[in-house]
Every structure is written in C-alpha cells, then in structure tokens.
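If you read the protein sequences in the order shown, they are chains A and B. In terms of my numbering, the first sequence opens at residue 32 and continues consecutively. In terms of my numbering, the second sequence opens at residue 272 and continues consecutively.
If you are wondering where the hints come from, they were derived from the structure by calculation, not from laboratory data. For each residue, glycine too, the CB sits at the ideal point set by N, CA and C. You may find that some hints are simply not true.
To be verified - Just the calculated beta-carbon pair ranges, DEER-fashion:
1) A/Ser163 to B/Gly564: 57 to 65 angstroms
2) A/His102 to B/Ala289: 41 to 49 angstroms
3) A/Gly96 to B/Met272: 24 to 32 angstroms
4) A/Ala267 to B/Met272: 56 to 64 angstroms
5) B/Met272 to A/Arg150: 25 to 33 angstroms
Said to hold, decoys possible - Some chain B residues well away from chain A (every beta-carbon gap over 12 angstroms; in silico):
6) Ala463
7) Pro500
8) Pro502
9) Phe562
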Amino acid sequence: MTAAIEGTALSKRFRRVWALRDCSLQVPAGHITALVGPNGAGKTTLLNLAIGLLAPSAGAIETLGWDPQRHPEPVLERVGYVPQERPLYSDFTVDETLHMGRALNARWDEAATRARLLRRGIPLDRRVRHLSGGQRAQVSLALALGKRPELLLLDEPAAALDPLARRELLTELVDTVASDGATVVLSSHVIADVERVCDHLVILSQGRVQLAGDMDSLREQHRMLVGPRMDPAVAAADPTVVSARHSGRETALLVRRDGATPPSGWRSEPVSLEELVLAYLANPAAGAPPPSTLVEAAS
Amino acid sequence: MAWLTWRQHRSNAALVGAMLLVLGVAVIYLSIAGAGLLAEVRSCTPAQGACGATQAWFNSNLQTWWGLVLMAVVVVPALIGMAFGAPLIPRELEAGTQLLAWSQGVTRGRWFLVRAALLVVGAVAAAAVLAAVAQGWFAVQRDLGGSMTVWGGFDIAPPVVIAYTLFALALGIAAGAALRRTQPAQAVTLVAYVAVRVSIAALARWRYLPPVVFHELAGGQLTASPPAPGPGDWELSSGPWLNAAGHPTNALSVSQLISQCTGNTQATCPRALDGVYLLAQYQPASRFWLFQGVEAAIFVLLAAGLLALAYRLVLRIR
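Work the whole structure out from these sequences, hints included.
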C-alpha cells in the first residue's frame, strides 16, 4: 500500500495539552478514509499537521511522500483542504474568491470550478458574507477541488449542508476518487455518511489512534458474541473485548478476534459499522494495541 | 499574489492616496496664490500699512501650511505602518483565514515575502509623493522669503521621509506578527515609531560626525579661529565657560559679569572677563546630505531587521 499520509510516533502538544500523542498511522492513497472520534480527539490537529499548518512536537509526518514543514511546496500544491470553519474572505465576492484560487494555485481548474458553483446555484457576484452557511461550504469545497488536489482533506464536510447537498457532496467525492485516483480524508461525526462513502477507517480518541484499517476487514475482524451471562469483571479483563453488555441472563460482547471460532454456547453475529465505532468511542481503553500492531492493522 | 494584495489593501490605499492628493493640491494652491502676491510683498516698504497686512497674511499661511506639512510627514508614515503593516498578519489570524491563505499552492514564506515586498513598493511610492509635496512646500516658503533654514527641513527631506515610512511599515508588520492582534499591534507601532524617531532626532542625529567646535568670547564676539558657524549651519548646545588658559570657570560669576558689559565686544566688559570664552559647537550646512544619508541608512537597516524578524515569526505561527 502506498500511503498518502504517514505518521510515525506523531505527537502534537499545545502548551500543556497533548492533542495527538504517539500516533502511528497510514492513510492509503486512492481511498476515502474516515477520521472518526469524539470532539477534541485530535482530528483537526492531524489534518493541520498533514498540510503543514501545524508542525509536530515529536515524531514525523509525511504527506504524499514529503515532510510538509521542510518541503511545503509539493504538499501545498497537491493538497486541498477544507477547514471546519470554512474560512473565506468575507468582503470578497465569490468571483474574487475564485480569482484568488487561480492566482495562488498552479493547477487551478477555472471552468470546472465555475461550473460546479453555478450548478449549485451560487451567485458568483455575491459577497461571501451574504452567502448562507451551506453556500459558504460549497465555495470552500469548490476552492479546494479547484486546485485539482491529489489529496483532499475535509474537516466535517457534511456540517452546514442540507441532506440533499450532503448526498451530492459525498457522491462527488466518490466520483473524484474514482476518476482522478485522488485520496480523500474526511473527519465526520455522521457514521451513516462514513459508511456510505468511506472504505478506510481511523478512530482517534484522546489523541491516540484507537483503531485503523480497511473498513471491510474491520467489520470481519469484529463480532458480536451473545451467550449466557458472565461475570462483568472477567469480560472487562479480556483484551479482545471492546464492549460488553450484561442483561438479566445474557451477555453480549463486541470482540475483536480475527475470525476465531466462538466458544460453545455462544452465538456469533456480524456487527454494523455504527456498533463498531460506538463501541470503541464508548471505551477509549479498548483497542489501543501496541504501536507495532497498529501499523499492521493499517497496512 | 499581487492582485490579492491589492484587493485586500485597496480601501486603505485609497485613503492614503486621498490624503496625499489633498496635501499636494494645497501646496500647489499655495505656490500659485503666493506667487501672485510675492511681487506685492517685495515691492512694499514697512511704512505702507496695507503692505503689513499682506505680509501678515503670508506669514500666517506659511505657518499654517508648515504645521500641516510637518504633521503629514510625521503622521503619514505612522499611518501607513498602522493601516498596512500592523494588520497584515493579525487580520488573517483574527478571521481564521490563515487556514485558507496558507493552505493554497503558495508557501507561507512566499506569501509573506511577496506581500511585504509589494507593501514596501507601495509605501516607497507614497513616501516619495509625500516627500515631493514637502519639498514643494519648502521651495514655496523659501521663495516667499520664509525663515526656514536648511537644517530646519531635515525631517521633510526625501531620503529620510522614505526611510521613516519603510521603518514604520516594517515596524507595523513585525508588531502584528509578534502580537497577532491588530489593535495592540497598531498601538505598539505608533508608540514605538514616535519613540524611535524622537530619540534618534534628539540623541543621535547631531553625533553622526563630531561637531565643529567654535569659541564665543564672553560678551558675544565669535573668534575667527576656530571658524565660527555661518547662517546655514546647525548650532548645537554650548559647553562650559573657559578662561584664557582653557580651564573651566564659575559659570554663575561669568554671567553676572556679562550683565555689566556695555556693548557686544569683550572690550566693553569688565576686565575679569578678558579671554573668557564659551566652548560651543555646530554642524556645518555642507554635512546636510551626508547626515540625510546616515539617518536614512539607520532607518532602512532597522526596517530590514524588523522585516527579517517578522518573516521568522510568521513561519513560526502554529
């Protein structure tokens, strides 16, 4: 696998708080990777590190094969970034915003960008401050796509979009990857969106990579085991147990056991992505395998 | 980049342009109106009453415009530093648009250098216009027989006006990069600009070359050797009273004795003052442009240092 983003023991500290700690991960090229995690997990920090807006406090990151701090040119030219706040110059018109994109990006695709905005019904002569939140998001995205990126970083792309625009956006992302072979990394809270378009998953929690891997493999590796009620302490002690639910006579365990056959008397069921993600998010201690395992899981 | 820089600064640029235009028109008006009355002023004798009124009109106008031009020369560079320099970095950080600006296909280092370079070019152009206006005014007042000496126009001569403007701009940019907020950066720019200008003018300027020393005899006479200052020279502070042997004497008793002088020569004074002289110094008019060069170089070097500092600070913003 070639990695579009490769972090090695990557750490970032803001004053006394570690936003990312000892993260080793690989984001595969040519795929759509979802970055999932609770607020403050370090998703935005990771994206900012990838494009070089932040510098690592320790460890290393390579984006498209380059260190974004030492070699910013090849990274900035080839990476499109849509930050969560959708920053735009509010006194510029949409047209002037495109002018800026053209002036600052060598590979700018004016025709496609204009067409994209007109298709969305965004008036090019309107000032950005008079656009709705959704329209701003569209302009922000058009600006990032306009530079024909090999790697597109999207921080919460679905926020501020109505359901229809959201679906269109996601479809467009899949098309972009399919037609250009681009890589997309998107952070999201909406697991339904993630499930629909992403084929790779990274769960960040408290600044660490909790789980990373190909989505299908992850689903195969995890099972829901349902059997007679067991001692909660025993379940909690088992490192393969991600989450456990104990009811009157039954225990349901979400386990990671890579295809091992379930013990007799237990029923093995497949897990949905949502169950999987929520189980990990609810239990930050789960997963957290040693870094060597992490790299294997990602590759 | 050039377009973007212009787009983000055009309203401020219009403001400064308008100010310079007003000032320029005022100077042109004054020189035209003044030229018409000049002959009248020159032809009249003090005995004629109306002539005194014309002269008074001249003088008061010259005073007014002098104040205005001097103020503009002091204010416009500071204004350029505050309006263009100080917000350069903070305006992006305050709006969160550094995420936009610094994630485009142009590196942050280049983004800064191109912008700083364009602002420097713009500031030099504005300063050149300002200096031309100031020189125009200076010429008018000399034509009209004003009392301004060469050294009196030091602060409005083109080399230093351009250097001051560059310095103010660089100061604003560096303050913005260091403080990351527009208003504190503007305040620091203003205070630091005025402080540096005043202290260099008061403490450093007269020392660019060792002053020429001359002797003023008690009673007011100047000795022929060392040479006394001419009309265009810049007379500096006076030193101690020395006796004929060159030793300091009691200044209080000297001034008491001087009050007993009956004329402007030492011969009319008490004998105790014989040979007593004041050690004084001046900068000759011939050094004016050399001093312009030295002062301009100081401010240009300060500006270069501040811009280098700002560049490093910008690359370190995380």
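Do the hints match the structure? See the list:
no.	hint	result
1	A/Ser163 to B/Gly564: 57 to 65 angstroms	58 angstroms, holds
2	A/His102 to B/Ala289: 41 to 49 angstroms	45 angstroms, holds
3	A/Gly96 to B/Met272: 24 to 32 angstroms	27 angstroms, holds
4	A/Ala267 to B/Met272: 56 to 64 angstroms	59 angstroms, holds
5	B/Met272 to A/Arg150: 25 to 33 angstroms	29 angstroms, holds
6	Ala463	28 angstroms, holds
7	Pro500	57 angstroms, holds
8	Pro502	56 angstroms, holds
9	Phe562	44 angstroms, holds
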